[in-house]
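There are 2 protein chains.
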Amino acid sequence: MQYPSQIKKKNHTMINYGNRGMNFEYLINLSNTFYLEKDHALIYKKPTPIGIVDVSYTEKGKVIQQAYFKSPSTLDYNGLYRGKYVEFEAKETKNKSSFPISNIHPHQLEHVKKVLQHHGIVFFLILINHHTFLLPGECLLKFLKSHQRKSIPYSYFLENGYLIKEKIDPPLDYLMVVDEIYFGGMK
Amino acid sequence: MQYPSQIKKKNHTMINYGNRGMNFEYLINLSNTFYLEKDHALIYKKPTPIGIVDVSYTEKGKVIQQAYFKSPSTLDYNGLYRGKYVEFEAKETKNKSSFPISNIHPHQLEHVKKVLQHHGIVFFLILINHHTFLLPGECLLKFLKSHQRKSIPYSYFLENGYLIKEKIDPPLDYLMVVDEIYFGGMK
Numbered sequence: 005m006q007y008p009s010q011i012k013k014k015n016h017t018m019i020n021y022g023n024r025g026m027n028f029e030y031l032i033n034l035s036n037t038f039y040l041e042k043d044h045a046l047i048y049k050k051p052t053p054i055g056i057v058d059v060s061y062t063e064k065g066k067v068i069q070q071a072y073f074k075s076p077s078t079l080d081y082n083g084l085y086r087g088k089y090v091e092f093e094a095k096e097t098k099n100k101s102s103f104p105i106s107n108i109h110p111h112q113l114e115h116v117k118k119v120l121q122h123h124g125i126v127f128f129l130i131l132i133n134h135h136t137f138l139l140p141g142e143c144l145l146k147f148l149k150s151h152q153r154k155s156i157p158y159s160y161f162l163e164n165g166y167l168i169k170e171k172i173d174p175p176l177d178y179l180m181v182v183d184e185i186y187f188g189g190m191k
Numbered sequence: 005m006q007y008p009s010q011i012k013k014k015n016h017t018m019i020n021y022g023n024r025g026m027n028f029e030y031l032i033n034l035s036n037t038f039y040l041e042k043d044h045a046l047i048y049k050k051p052t053p054i055g056i057v058d059v060s061y062t063e064k065g066k067v068i069q070q071a072y073f074k075s076p077s078t079l080d081y082n083g084l085y086r087g088k089y090v091e092f093e094a095k096e097t098k099n100k101s102s103f104p105i106s107n108i109h110p111h112q113l114e115h116v117k118k119v120l121q122h123h124g125i126v127f128f129l130i131l132i133n134h135h136t137f138l139l140p141g142e143c144l145l146k147f148l149k150s151h152q153r154k155s156i157p158y159s160y161f162l163e164n165g166y167l168i169k170e171k172i173d174p175p176l177d178y179l180m181v182v183d184e185i186y187f188g189g190m191k
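Chains as they are written, first to last, in this note's numbering: chain A, 5 to 191; chain B, 5 to 191.
Hints should not be assumed to be uniformly reliable.
Any copy will do: because identical chains look the same in the list, a pair fits if it lies in one copy or spans two.
[Claimed, not checked] Within a straight-line C-alpha distance of at most 20 Å, the following computed EDC-like cross-link-like pairs (lysine to aspartate or glutamate) qualify:
| hint | residue 1 | residue 2 |
| --- | --- | --- |
| 1 | K95 | E163 |
| 2 | K50 | E114 |
| 3 | K100 | E41 |
| 4 | K50 | D80 |
| 5 | K66 | D80 |
| 6 | K117 | D43 |
| 7 | K118 | D43 |
| 8 | K49 | D177 |
| 9 | K117 | E41 |
| 10 | K42 | E114 |
| 11 | K49 | D80 |
Just so you know, the hints here were simulated from the structure itself, not pulled from any lab data.
Since this is a predicted model, take the numbers as computed values, not measurements.
Model the full assembly from the supplied sequences, consistent with the hints where possible.
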């Protein structure tokens with residue numbers, strides 16, 4: 005009678021993985037909605053870029069019949085906070101000991117450099133080992149410059165990242181950390 | 005022998021309309037690419053938001069099988085210029101005497117107010133009567149507050165808008181006007 009337990013195990017794993025991915029993005033989106041409603045910041049997730057292959061026209065309007073996902077050249081979230089341009093990417097890893105850099109597209113790393121050149125605020129929110137860290141773009145670039153490794157060890161996050169405390173409202177108050185790093189304290 | 009001329013006329017009209025729409029967006033995209041390559045500004049068109057209904061998995065990866073276009077709640081372009089957050093929308097009208105306000109979604113108008121509250125730069129690029137005008141968000145809101153009209157007359161653009169000169173590189177140098185309005189002169 006191995007069949008049912010195997011099915012169960014497979015489903016269990018798939019659900020867990022999917023939920024974790026959804027949850028992290030969901031918590032960030034909830035936080036952004038909270039910031040928006042409280043008139044605290046204007047930060048939105050950019051729609052995923054797609055390439056449209058085929059469109060049809062129905063009574064309800066234009067319907068996309070075939071399209072594919074393009075790889076992003078900028079980061080997922082951007083907006084306006086305390087008069088400043090803010091852009092960031094949210095990534096998570098199942099790996100508990102390190103974050104694989106391959107999770108970030110080379111075009112995105114080039115973009116991070118450009119945002120810094122143009123005096124924008126740019127960072128990564130990384131969920132690793134059940135903790136969410138804010139890692140400033142500067143820190144990520146510094147790591148890549150001084151290390152040949154293909155992943156960032158957890159210890160680097162503990163030393164150079166900023167832990168985001170989980171709260172109720174907003175669930176991931178990353179702007180509290182942004183205040184600390186980029187504005188020298190409380191709003 | 006009416007058939008061929010009718011076809012011709014129909015095609016002609018369709019091509020003209022399509023080209024005009026494409027051209028305006030195309031010229032803005034070319035200008036943004038120019039600014040990006042010259043390291044002058046980081047301004048991107050946001051992907052059109054879509055709602056995905058059905059996805060299939062093929063050898064080449066995930067393919068969207070059905071999706072629809074969502075109405076945008078922010079403006080089409082945003083980015084970073086001279087350390088400032090910039091957001092704008094590009095619209096054109098075939099109407100030579102006025103610009104119908106229905107071209108702008110109510111959610112977008114609310115968004116314009118919020119960007120101003122948060123000290124961002126926000127404007128509209130309007131192609132009307134073969135001319136492209138930059139109309140600051142403040143001017144659009146002022147017009148809506150003081151007029152009951154459902155369209156903005158061309159004369160309002162002549163009086164309150166800023167004409168964008170057509171050049172070779174970039175084809176629509178709207179940042180030259182942004183320098184003038186928001187930064188008090190040349191970069």
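Verification of the hints:
no., hint, verdict
1, K95 with E163, "within (19 Å within a copy, 48 Å between copies)"
2, K50 with E114, "both (18 Å within a copy, 18 Å between copies)"
3, K100 with E41, "neither (34 Å within a copy, 39 Å between copies)"
4, K50 with D80, "both (6 Å within a copy, 11 Å between copies)"
5, K66 with D80, "between (26 Å within a copy, 19 Å between copies)"
6, K117 with D43, "between (29 Å within a copy, 11 Å between copies)"
7, K118 with D43, "between (28 Å within a copy, 8 Å between copies)"
8, K49 with D177, "within (16 Å within a copy, 28 Å between copies)"
9, K117 with E41, "between (31 Å within a copy, 14 Å between copies)"
10, K42 with E114, "between (33 Å within a copy, 15 Å between copies)"
11, K49 with D80, "both (6 Å within a copy, 13 Å between copies)"
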